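Novice: Use the sequences and the hints to build the structure in full.
Chains as they are written, first to last, in this note's numbering: chain V, 1457 to 1581; chain L, 6 to 374.
Each hint should be verified, as a subset may be incorrect.
Claimed, not checked - Computed cross-link-like contacts, DSS-like style, restricted to lysine-lysine with a CA-CA straight-line distance of at most 25 Å:
#1 V:K1575 with L:K30
#2 V:K1482 with L:K49
#3 L:K369 with L:K301
In case anyone wonders, no lab produced these hints; they're calculated from the structure. The structure displayed is predicted, hence computed values, not measured ones.
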Amino acid sequence: MAEKKYSKKHEWVELSGDIATIGITKHATEQLGDIVFTEVPDQGKVLDAGGEAAVVESVKAASDVYSPISGEVTESNDAIVGDPSLVNQDPEGNGWFFKLKVSNADQINELMSKEDYDKFVTENV
Amino acid sequence: MNQSAEKITDLKTALYNFHIAHGGKMVPFAGYQMPVQYPEGIMKEHLHVRSAAGIFDVSHMGQFSIYGTEEEYLPLEKIVPIDLKSLKLNQSKYTVLMNKEGGIDDDLIVTKVEGGLNIVLNAACKNHDVERIHEVIDPSKTKLHEDLSLIALQGPKAVEILNTLIPGVSELTFMNGASFQYRDAKVFVTRSGYTGEDGFEISISNSQVEQLCQTLLENNHIKLIGLGARDSLRLEAGLCLYGHDLDTKTTPVEASLTWALSKKNKEEGNFLGASIVQDQIQNGTVRKRVGIKPEKTIAREGSKVFKGDQEIGIVTSGGFGPSVNGPVAMGYVLKEFSNEGEDLELEVRGKRHAAKIFKMPFYKKSYVK
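Specialist: Here is the structure:
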């Protein structure tokens, strides 16, 4: 698997062939606190890079999850709909949100490496 | 307001450094820097209060005294419609501060004490409330106690734990208070709170509050609880948050709070806005505050309420109820749709979601009567 890339809106993307898996970062889950509700996009939905894709709600507030990359949804993670706390437990693994068939794989180059993202988070606290 | 201006006006309670030392995540609230949560998070804090006990710093709220004889403080009834003569010594009552349009300027707790009345006011309203009270009470007979802190200890284990530190508090019944000695401090303790749990509010000097909290925390059944859990606890208990569920344009009848006005005052109509309140009691209101139980989607403040195509109301408080383990809300709907069990829809992110009118509380209280 390729290394994960990160967006400024705290999503991660992992590209494997032309399929991208997308979720929210550990830092995002720490900021949100206990996640109690998630909404994931339907299969077949076409998403634009930077557009609203999913919803995550903690006890405190609701937040949008944006797709950092364009493409068509091939699969959504029903497990996090049934048990939203999975996102807190394993945000960058079993707590993924949706998978896309990417329409422009080059968009991933505009995202940050893990190192750059960690730096971005530290500088923007 | 820009950030630097905000920082200058942000007030701190006497426990500010204590919150920071315990990992409190500080946020601006009603002009104060207050902890919204501690490291364990809102969910755990909420459930801990329901199963054990938690400390809340509520020192941002105004602690106000009126000194004098019954005759001298009786004019308060013109704006706070409770029967002060029949209020017993050391008894507390939840009530409202009325305006002339019949709306609510604040919700508050009044306690009759030796030599006068104690009143607890909402932080965001306190300066306005004091001005309003000074319209009917000689200002020289009043005091807003900036030197006092207020902490709430809430939860099923609160009584046992507090009684070992302050013997006698277990004798208090719900909505009653008394003065006690705690080490070298004189404290005023009421059996009350805003979580739906048994518990106490303790008024103690700013210089002694941290030591009391530190001692309480030595008991491993007790945790510090932030404003986040305070909000979810009070919402599950069906209790109003001023500025959200209540405001200057909402009457006590619309707010389903007619019980917070004494029978005598409602009959005699001797308070500001009484004619409007009496008319609404007689003839009903257009809208009414109700509990709303969404089927599965969380509906936050501002979500519109629909019945078919008709917009019939709005959510004024909403979130996830950790003890209910699901979404809970309250809001205002047209009276004809306010009956328990009525099916409704809530608009969240542009889509409609099923909900029902629910008779509050969402979580059953366990007050000691």
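Novice: Decide, hint by hint, whether the structure agrees.
Specialist: Evaluation of the provided hints:
{"no.": "1", "hint": "V:K1575 with L:K30", "in the structure": "holds, 22 Å"}
{"no.": "2", "hint": "V:K1482 with L:K49", "in the structure": "holds, 19 Å"}
{"no.": "3", "hint": "L:K369 with L:K301", "in the structure": "holds, 20 Å"}
The structure fails none of the hints (numbered hints given earlier).
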